[in-house]
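Here the structure of chain A is known, so what remains is to put chain B in place on it, guided by the hints.
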Amino acid sequence: MEEKPLRLDKELKSIKNKLKYTYRNKKCKFCGHKNPHNYIYCEKCSKPLAADQEIVKEWLIQKYLLLLLEKISDHPDIVATRRKSKIGKVEFDYIIELADNNKILLYIVQEEKKIADIVNEVIDYNKINKERIRIVFLLLLDQSGQNNSIIPNVDGKIIEDAKNYDIEIEYFEINSYGKNNPLG
Amino acid sequence: MLFTHEFIYWPFHLILFLIVAYSTRGFLAKRYKPYKEGLSRDQVKVSVVIPEYKEELSILEKAIRSAIYNKPDEIIIVCDDGRKEEEQLIKKLQQEYPSIRISFISHGKKLGKRTALALGWLVATGDIIVQLDSDTIMEPNTINEIIKPFAGPKVVGVQGHPLLFNTGSRVSYVMGQIIELARDVVCKMLNGFLVVIDGKIAAYRRDFLIKNIKNLLLESWGNSKIILADDRALTYFANEQGYKTVYQSTAIARSAAEPTLYKFITQQLRWARSGYLYLIKDIKTGLFFKAPRRYRFQEITYLLSPVSFTAALIQTLFLNVQVVNILDESILLSTGLNIPVFLLSLIIFLIGLGLTFALAIELMKLDKEEIKKLRIKFIDVVILGLIGLFVIYPMTLYAMLTYRNVTDWLTR
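The listed protein sequences correspond, in order, to chains A and B.
36 is the number that the numbering used here gives to position 36 of the first sequence; each next residue is one higher, with no gaps.
When you read off a place in the second sequence, starting at 1, and then add 1000, the result is the number in the numbering used here.
If we strip away everything but chain A, and leave its shape as in the complex, we get (with noise of 0.2 Å):
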């Protein structure tokens, strides 16, 4: 049988293509620094390097919301959901309000300076609410365990003062490469 003649140049074309796109540096789109491929976030500046934040953002809002599905009986009933809700001058990426004045505030991390704002925000709110509060912060890691930088900076005496208020700080971590993530 005839064997067909390889397209060399159009396997080598798909090799390079293929190179390009695993070892291109990621330039960070805030402070322009070049960032190895490997970097979920910028060294420099801590912003994310997704392509489509968005698209990262949502996966880890879905990531938790699996996760409460599972232990759903852990929890009370939930009541309702909202997207992008204030709760005094902080926007939380998605809040799930359960039934006994429960609530769990997920916030995406991005920037180290603002956990601690956040939790004293939310203790305020909390200071005439009096609601059951669950602040979960979503924080995606790289390969070695690290989100780059961004480690939660949030000292004992905060914790503290939030557990008066009825407020619990959790901190939920995923693993960038783990299987079927949107950054591949």
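It should be emphasised that the hints constitute simulated quantities derived from the structure, not laboratory data.
Source: prediction; values computed, not measured.
For each residue, glycine too, the CB sits at the ideal point set by N, CA and C.
Careful: at least some of the hints might be erroneous.
Unchecked claim - Here are the simulated DMTMM-like pairs of lysine to aspartate or glutamate, each with C-alpha atoms no more than 25 Å apart in a straight line: (1) A/Lys63 x B/Glu1087; (2) A/Lys63 x B/Glu1074; (3) B/Lys1045 x A/Asp93; (4) A/Lys57 x B/Glu1074; (5) B/Lys1225 x A/Asp77; (6) A/Lys63 x B/Asp1127; (7) B/Lys1109 x A/Glu54; (8) B/Lys1109 x A/Glu58; (9) A/Lys84 x B/Asp1073.
As the list claims (entries may be wrong) - FRET-style restraints, in silico, Cβ to Cβ: (10) A/Arg83 x B/Glu1096: 20 to 28 Å; (11) B/Thr1266 x A/Lys130: 50 to 58 Å; (12) A/Asp166 x B/Arg1041: 56 to 64 Å; (13) B/Lys1109 x A/Tyr171: 16 to 24 Å; (14) B/Val1391 x A/Tyr171: 32 to 40 Å; (15) A/Lys130 x B/Lys1084: 35 to 43 Å.
Showing chain B alone in chain A's frame:
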């Protein structure tokens, strides 16, 4: 009698039962009128949620495209089988229709249909969620029609009008289509308090769905979790909580008929099992007694149909049917023809069965145009009658006895 040459199955009892049940349903359905006025698209945000599990890609593509032509605010496809091909298909559609938000949810592990649906609802941003099966194709105005009844504040669930398209076996297509057309009559009769809002094409208020996520995911029977019949469960919750579940016959969508007779029978088995499970649940929780009379009538006839089949069988086995003997003798006397009793019995049985089936279609006032499209011949009626009598009815009896066997997706 079993031990005489006259033995043949004579389901008089069943035929009488069917005629009474069908004509009553047809009569009660007469009052129904579809919702002409109501909520319009500019008043609400609509999300379409399509749960998917091992669906044939060409059919899935048609389903998504039909949703796109209906111009909802967003389309969410929840894939539970983690195939890469679906992702590629959706990316292609996203590029083709950049103005419509098409989301794809896949988390690489099997969630089960109920969890997949609940995730879709949580992610959705619409006030109304249109649930579409991955093998179902909407008509261009289906969403406009299905949202109309939501103008009523107590309406939380709307059943669209599912019909079938042929994918292989003519028998399963014709039989399935007749069942869908019969369901159309039942839904018209039960409008306001439906037995089930079929998930092929349904719409719900998102608020209602969100509030019932925990009920749906933790629903159990005895010690086992119910993982089948999400549509039956949601309708049950709505009825139990005092909401209205209504039918919009003008919201048409066409679903893929089962390609083989075997698959059709397993589908019917699955439906019948969930039907009996919720019927018992209705009675146990007292919903049955609170429900309107027409709902109770429907449930009782559903319960009695396999019982009636058994009664007909017993009647055949233990009662001596003299009719054929008398008829055979009179034919011999008048014409001199000596027809074997067994053969005469068989001829009468087949003609009777065909006539009963044809009469049932007429009595139920099934959609004549759709029936015409099926081009049913007398031989079809006899074959369908035989399958109905000797396969479907014994199967419903089996389903009744094994209603606890509620399993996973089971569709493919």
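**Prompt:** Cβ-Cβ distance between B/Lys1109 and A/Tyr171: within 16 to 24 Å?
**Reply:** holds, 22 Å
**Asked** If you draw a straight line from the CA of A/Lys63 to the CA of B/Asp1127, is it 25 Å or shorter?
**Response** holds, 23 Å
**Prompt:** For the pair supplied as a hint, B/Lys1109 and A/Glu54, is the alpha-carbon distance within the 25 Å limit?
**Reply:** Given that 25 Å is the threshold and the Cα spacing comes to 23 Å, the pair holds.
**Prompt:** Taking the CB of A/Lys130 and the CB of B/Lys1084, does the distance hold inside 35 to 43 Å?
**Reply:** violated, 49 Å
**B/Lys1045 paired with A/Asp93 [C-alpha distance capped at 25 Å]** = holds, 19 Å
**Item:** CB-CB spacing for A/Tyr171 and B/Val1391 relative to the 32 to 40 Å hint
**Value:** 57 Å Cβ-Cβ, so the 32 to 40 Å window is violated.
**Prompt:** Is it true that the C-beta distance of B/Thr1266 to A/Lys130 lies inside 50 to 58 Å, as the hint says?
**Reply:** Hint holds: Cβ distance 54 Å, inside 50 to 58 Å.
**Item:** Agreement of A/Lys63 and B/Glu1087 with the hint, judged by alpha carbon distance not exceeding 25 Å
**Value:** Cα-Cα ~17 Å, so holds.
**Asked** Holds or violated: B/Lys1225 with A/Asp77, Cα cutoff 25 Å?
**Response** Within the cut-off at roughly 18 Å; holds.
**Message:** Does the beta carbon distance between A/Arg83 and B/Glu1096 stay inside 20 to 28 Å, or does it fall outside?
**Reply:** Distance hint for A/Arg83, B/Glu1096 holds at roughly 26 Å.
**Request:** Starting from A/Lys63, check that the Cα of B/Glu1074 is at most 25 Å away, please.
**Result:** Judged against 25 Å, a Cα distance of about 20 Å means the pair holds.
**Prompt:** Is it true that the CA of A/Lys57 sits at most 25 Å from the CA of B/Glu1074?
**Reply:** holds, 17 Å
In summary, the structure is inconsistent with hints 12, 14 and 15 from the numbered list given earlier, while agreeing with the others.
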